[in-house]
Amino acid sequence: MLTNAAAKAAGAQARAYKLFDQGGLHLFIAPTGLKSWRLKYRWKGREKLLTIGRFPEVSLAQARIRAAEAKDALSRGTDPSNASRKSPQADTFEQVARAWYRHGRPGWSAAHAADVIGSLERDVFPAIGGEPVAAITAPQLLAVMRSVERRGSVATAQRIRQRLSEIYGFAIAEGLATIDPAARLGAAMRDAPPAVPHPALLSAEDCRALLTACEGIAASRATVLASRFLALTAVRLEAVRGMHWSEVDFEARIWTVPAARMKLARAKKADPRFDHQVPLCAAALAVLEEAMSTFSPASEALKMNSLIFPGRGNQPIGEGAIRELYQRAGFKGRHVPHGWRASFSTIMNEELGEEWRTVIDLALAHSNKGKVEAAYNRSQLLDRRRVVFDRWGELLAG
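Residue 364 in my numbering sits at position 364 of the sequence shown, with consecutive numbering throughout.
Watch out, some of these pointers could steer you wrong.
[Stated by the list, open to error] Derived lysine to aspartate or glutamate pairs resembling EDC-like cross-links, with alpha carbons at most 16 Å apart:
no., residue 1, residue 2
1, Lys263, Glu238
2, Lys48, Asp180
3, Lys263, Asp275
4, Lys40, Asp72
5, Lys8, Asp21
6, Lys40, Asp21
7, Lys48, Asp79
8, Lys40, Glu69
9, Lys44, Asp79
10, Lys71, Glu47
11, Lys263, Asp361
12, Lys332, Asp206
13, Lys71, Asp21
14, Lys40, Asp79
15, Lys8, Asp72
Since the hints were made in silico from the structure, they are not lab data.
Working from the sequences, and respecting the hints, build out all of it.
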């Protein structure tokens, strides 16, 4: 039989383990150090696990009393897991979900983290947040998913289902649940509609027409130049909005985009190994030269830390500034800032052929390497990427 002293002394190990008391009652110790009382029992021929409460909040004596109450419920033909729904000591879904969120948050971007916790607080916690995590059934989760589907948010429902399954994977690893009731919900859910790609121009002639139209609009010169530079480099908008002069090597004709402004896992954003180098064609250099003569401070020290394409108050140009520019140029619904990446990939693959596909993907900061190859093959094909961007610049210049 177990003692309170033994329960208190039990420390975390690399793997979860159990200290048994009697009659199926045991103390579960997770690798994180969390300790909770569990009762193993059988219901209608099936083995089940009842979470009684955490130690030391629930003492050994209290755990024995609750185990006895559970067995009494069994003798009366009642599943004790159903009775546990009313127990304030059981780990609730919301408690576990927030623990999962805290565990994953360091590796997520701010936008993704806000989307994750927002979806749970809006659609899940009000319905099942207070239920014991181990007692929730698949039909309960399906009811939550269908309420999201009924408002037309089918893709959102699919994302939430994935998050529910990840939460239960976390709960199982921590010993707070034994099964994932979200694992097979997809069979009863509506299929998400196919993703709608960003509008993008797919011919060099149309791309030139858009850039020419933008030159004729009364708009901020910084916005017009940022638009042209975005087109010539095919990067993501955030990379251009936050661009500083210190990132440009004019002699080498290279722009180094810091990993912090790349679309990466949060853990990679602080690692300079994941910086992205963009070869600058003649047209891109011409844009920078105009920006330097128009916006750059006279002081060299000030210049290096200043924005290349400043907006109001020396802040980055607005997120919607270039999109609005394209709408005013008559290309609403035909092209958006992110569309330059599709334009570049489509046109250059057609222009150069299949043998250049890998180089074009690297130019977009994409990689088809597997994890093992990526660990050893660190070639960036910079010279070949320069050939691609030089040709791209010629096509946009006409």
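Verification of the hints:
{"no.": "1", "hint": "Lys263 <-> Glu238", "result": "9 Å, holds"}
{"no.": "2", "hint": "Lys48 <-> Asp180", "result": "13 Å, holds"}
{"no.": "3", "hint": "Lys263 <-> Asp275", "result": "11 Å, holds"}
{"no.": "4", "hint": "Lys40 <-> Asp72", "result": "14 Å, holds"}
{"no.": "5", "hint": "Lys8 <-> Asp21", "result": "14 Å, holds"}
{"no.": "6", "hint": "Lys40 <-> Asp21", "result": "11 Å, holds"}
{"no.": "7", "hint": "Lys48 <-> Asp79", "result": "10 Å, holds"}
{"no.": "8", "hint": "Lys40 <-> Glu69", "result": "13 Å, holds"}
{"no.": "9", "hint": "Lys44 <-> Asp79", "result": "9 Å, holds"}
{"no.": "10", "hint": "Lys71 <-> Glu47", "result": "14 Å, holds"}
{"no.": "11", "hint": "Lys263 <-> Asp361", "result": "15 Å, holds"}
{"no.": "12", "hint": "Lys332 <-> Asp206", "result": "13 Å, holds"}
{"no.": "13", "hint": "Lys71 <-> Asp21", "result": "15 Å, holds"}
{"no.": "14", "hint": "Lys40 <-> Asp79", "result": "12 Å, holds"}
{"no.": "15", "hint": "Lys8 <-> Asp72", "result": "28 Å, violated"}
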